[in-house]
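Peer 1: Same order as they appear, the protein sequences are chains X and D. Numbering follows my numbering, with no gaps: position 275 of the first sequence is 275. Just remember that my numbering sits 391 ahead of the position in the second sequence, which is counted from 1.
Fair warning: there could be bad hints in the mix.
Once the Cα atoms are required to be at most 27 Å apart in a straight line, the calculated DSSO-like pairs of lysine-lysine come out as [unchecked claim]:
no., chain 1, residue 1, chain 2, residue 2
1, X, K265, D, K694
2, D, K515, X, K266
3, X, K107, D, K694
4, D, K714, X, K29
5, X, K388, X, K314
6, X, K196, D, K694
7, D, K713, X, K76
8, X, K196, X, K265
9, X, K192, D, K584
10, D, K713, X, K266
11, D, K584, X, K314
12, D, K584, D, K694
13, X, K265, D, K515
Keep in mind that the hints were calculated from the coordinates and are not lab data.
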Amino acid sequence: MKKEKNAKTAAKPAPSLKKDREMPFYVVKRGDAAKTPGRSILIHGGAILIALLLCGIATIFVTGDNPISIYATMFKGAFGDAHNLWKTLQDIAILLCVSLAVTPAFKMRFWNTGAEGQVLISALATAMCMFYLGGAVPTPVLMLIMILCSILAGVIWAVVPAVFKAFWGTNETLFTLMMNYVAIQLVEVFLKVADKSGSNTVGPNLLKHGWFPELFGQKYLLNILIVAVLTVLVYIYLKYSKQGYEISVVGESENTARYIGVNVKKVIIRTMVVSGALCGVAGLLLVAGTSHSIDSNLVGGRGFTAIMVSWLAKFDPLMMVLTTLLLVFLDRGASEVTTNFGLNSAYSEILTGVIIFFIIGCEFFINYKVMINRNHPFFKKKEQEAAKEVL
Amino acid sequence: MFEFLSQFIQRSILQGTALLFGSTGEIITEKSGNLNLGIPGIMYMGGICGVIGGFFYQNAAGRSINPVLAILIPLLASLLGSLAASLIYSFLTITLKANQNVTGLALTTFGVGFGNFFGGSLIKLVDSDVPSIALTKIAKVYKTTLPFAEKLADSENIFGKILYWFCQTFLSYGFMVYLAVIIALVAAMVLKKTRVGLHLRAVGENPATADAAGINVTAYKYFATCIGGMIAGLGGLYYVIDYANGVWSNNGFGDRGWLAIALVIFAVWKPNLAILGSYLFGGLYILFNYIDGASMQVIPLLKMLPYVVTIIVLIVVSMRKKKENQPPASLGLSYFREER
């Protein structure tokens, strides 16, 4: 193919060569010194503010309500009373857990788009343990088996694409993406086997055993505590452990990693094991700690949202707490607004999309600088005119 | 048996056409080095924008539907919607050099939300008195088949019957089914035989080399992503107006967008192979209807098949390392001239 290309381009120059392609502006990369945290916070904050304003304007158009009462409704929906607040915290915990799971892989530039499937398959493993072993073995033993099975399921789902990536360079984005749908259909099989009535969920009436205990009368408190501990652990793992350092070296440059004697294949597989195990915990929390039921939409796109959360937080687990807070607030707030006005709840997805567009867009202004091309005819002319006026 | 086969093929083609639009669009996009994971969202956008256009036209026109306008208005609205979505993606990934995976996923979130929101709330938003969005009149125009296909039906002899089956199998569709095939064939031709296609492939393989050879990388990337997005958007339009008879149902489009992306791998980045692949996937998608005694537990396993097949193709392609079957070398990477 290369040869063909050379022959053809040599025979006749590409038409665009003839035209003068100088632009009035050009882009240069900022040095690391220019990327101060202050600037970054300023730009990010500005982007989020603009995005929120835009969302507000769109919401005014859609609902016809005044902006202050819309934001008040959103706030009420997310933090209004004790029930809403706990629900919000719980949503944050689950999304944060999935985000923590995808982060080590992302830091390694392994584009795991399969968190959705990894969480779902471990949710399935948990539900199967509850369904088949519930009542047959004492609860502590059941709990232990559930934890082991769900983590194992997540690890298997994550490590298969990793092995193929490590040894044959198989495209991991597409591979993990496909694994999601295999997991979804496996859940469907279980639903049909477990519930002969043909319903689309297997609910708490069939999964009676192995529920997480309530702490201080709060259903979700245990989930939140587990995720809080995991957040700190992942932070330490990525920032202070040798393995965490190897991950970032492989992510920066595989060649460098190989040069300094890192076994890249081993790092890829090991990191995906960690990633899958964390997804396993998320699946466990979802079934045993939250819904006590399973259906094929249990994860509800969190696997994909987690990718955005992790990216927006620049793979920093502590920053991820803030980004999940932002996205969950939007989601719960927007659903409150749409319920009030009898509109479709998908509105929150539009808002999430807009916010993320702005945040990823603004990163350009952190990493690059737009410069004026003084040699461009446009500016030359202006300069000449200015000079004439002075004369 | 013959009749059964003919019916099965017909259903597969009807089911596969939406996938064909999506995968042709994604192939063109990926050839420029942009891995657009926003295709599912773009297909929703294309679908809902066509529906919005058609809804307003059908309400305005009342009883007298002009067939030309009934086709053009939803078509143009759909193209505009998917163009807008592709422009968001292009601007973020090409001009602002944002990460393609994240941008694509955000676009999918946005597009699916956009589709479901307007699909679910359009009637309330415009204060219309109809109970639900049903573009049946427009769907009828879209589903108009070739005039002679019906007439051949009543022949008595064996040739007549074969001809009838032939017509049923291959000529009984609305124009969009043929449009999908034509677009795929044209795309294959352009990619393989023309200078534009060569430049596009060069941009996807190695943008720095293409840039050095005087090819305008940015323009090619924008162009390919937008054209690809618009073609994919037609898939959404086809699904709602033709396949679903003009009735929008939330999440009705399902996972077809991801299946279209899977198809790109299955077709090893060749639009002409995507034609066969999409009908095959379409057939796999509906196979469970045709298996006698398929119990409820087996249906999901059959639905899993397209994905498993895709995974196997992906693995085999990466193991064999045949040059012409590889993904474009710079797939998923944004290009910045000063970077080495």
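Peer 1: Now tell me, hint by hint, if it's right for this structure.
Peer 2: A quick look at each hint next to the structure:
Only pairs whose Cα atoms come within 27 Å are accepted, and K265 (chain X) paired with K694 (chain D) is rejected, the gap being roughly 33 Å. Between the alpha carbons of K515 (chain D) and K266 (chain X) the distance comes to roughly 56 Å, so the proposed pair goes past 27 Å and is violated. A threshold of 27 Å between alpha carbons decides the hint, and for K107 (chain X) with K694 (chain D) the separation of about 34 Å lies outside it, so the pair is violated. Among the hinted pairs, K714 (chain D) with K29 (chain X) is inconsistent with the structure: their alpha-carbon atoms are about 34 Å apart, more than 27 Å.
Restraint check for K388 (chain X) and K314 (chain X): the C-alpha separation of about 50 Å exceeds 27 Å, so the hint is violated. For the suggested pair K196 (chain X) and K694 (chain D), the alpha carbons sit about 19 Å apart, so the restraint of at most 27 Å is met. Straight-line distance between C-alpha atoms of K713 (chain D) and K76 (chain X) comes to about 58 Å, which puts the hinted pair past the 27 Å bound. This hinted pair does not check out: K196 (chain X) and K265 (chain X) have alpha carbons roughly 45 Å apart, beyond 27 Å.
At roughly 50 Å between alpha-carbon atoms, K192 (chain X) and K584 (chain D) are farther apart than 27 Å, so this suggested pair is violated. The straight-line distance between the Cα atoms of K713 (chain D) and K266 (chain X) is roughly 26 Å, inside the 27 Å bound, and the hint therefore holds. Between the alpha carbons of K584 (chain D) and K314 (chain X) the distance comes to roughly 43 Å, so the proposed pair goes past 27 Å and is violated. Of the supplied pair hints, the one linking K584 (chain D) and K694 (chain D) is violated, its CA atoms being roughly 37 Å apart against a limit of 27 Å.
With a C-alpha separation of about 55 Å, the suggested pairing of K265 (chain X) with K515 (chain D) is violated against the 27 Å cut-off.
The structure fails to meet hints 1, 2, 3, 4, 5, 7, 8, 9, 11, 12, 13 from the earlier list, while all remaining hints are met.
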